[in-house]
Amino acid sequence: MVTFQFIPYHEIENLSPAKRINKLLNIVKEEKIVLMEGRLKKEEEADLIEITMEEISPKFRGIELSVIYPNKDKQDFSQKVKGAFANILLGNRTGMTIVGPASIVKKIEQNPDKVELFTQDNTKRVKRRKKKR
Amino acid sequence: MVKQFLKNLFKKLSFNPFSRKSHVKLGLYGPPNGGKSTLANRICQDWLGEEMSSVSHIAHETREIKIKEQINIKNKKGKELTFSLVDTPGIATRIDYEDFLKKGMKKKDAKIRAKDATKGVIDAIKWLDNMDSVVVVLDATKDPYSQVNITIIGNLQARNIPVLIAANKVDLKKANLDVIKAAFPQYEVIGISAKYGKNVEDFYEQLFTLA
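Sequence lines, in order, name chains A and B. Under this note's numbering, the first residue of the first sequence carries the number 1, and numbering increases by one thereafter. Under this note's numbering, the first residue of the second sequence carries the number 134, and numbering increases by one thereafter.
Think of the hints as simulated: they come from the structure by calculation, not from any bench.
In the DSS-like style, the derived pairs of lysine-lysine whose C-alpha atoms are separated by at most 27 Å in a straight line are:
hint, chain 1, residue 1, chain 2, residue 2
1, A, K107, B, K248
2, B, K248, A, K106
3, B, K199, B, K239
Given the sequences, and given the hints that come with them, work out the whole structure.
Have a look at this one:
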């Protein structure tokens, strides 16, 4: 079974970058896949990778990350203006960030209009272990 | 602190009295096994007659920052460019020592490699701030829409660091240069084979416009 946890934008809106990242990583370490409304800043994405690397251990093997964001080049002028106003009033809630533990999520493919999340095939591992015993 | 502030200010104004062409740092960034070290070796072989880094089919062969100072290249018009080449460890979001076991490594060595690889990723990210220009080396046979690629390029963009994308391994049948161009239309993309030297002359020419 795969568990998804949704994090609405208002839950991270007022957090410092470090606390945002810790919040995401703590959920991921519980073997859940995070669906976060909005996106991290570019520098925060790099920080997320950096902190993930600091915490890698035999139990925690990293994350799979994907950010879905509308292509602004495809938006017309009025859509861009509306989007800019919405960002000012409500914060940048556009897009969605997916973060999953590497132990569960094998890869996330973005192509770029669709997102495919591939999970690890753990059944084979279990079968192999049973045979050894 | 004041010097740093003035440096950043002048950089934004495209005038930097603190910088000298001879101290341009050119970084090679990208995901693991894209061919950064192969390209570093190609550049060093072509212009210094020596290799810079070891290469391997197992990911994370480069686990620490490597620098080759004072590489001087010339183009057909006789123009010269001197830079320090910085070969960085591949940036990844996951490192599993079991992946190295599958490649035939012993458990102890695999765990050491994984630990060193995590440090390498951290160093590579920290070094982003030290770069003057960056060549992002991507494997042209792989999907370019990975979040690691997007994060690397986004961070370079946020830091106003000039970027050239080298789509490596174009000698392979699976290579698809058009997909990479479509993924990053705002950047110059050049298809090369660092291993066999295909199109490297054009790559060197592009470095003059980048640095």
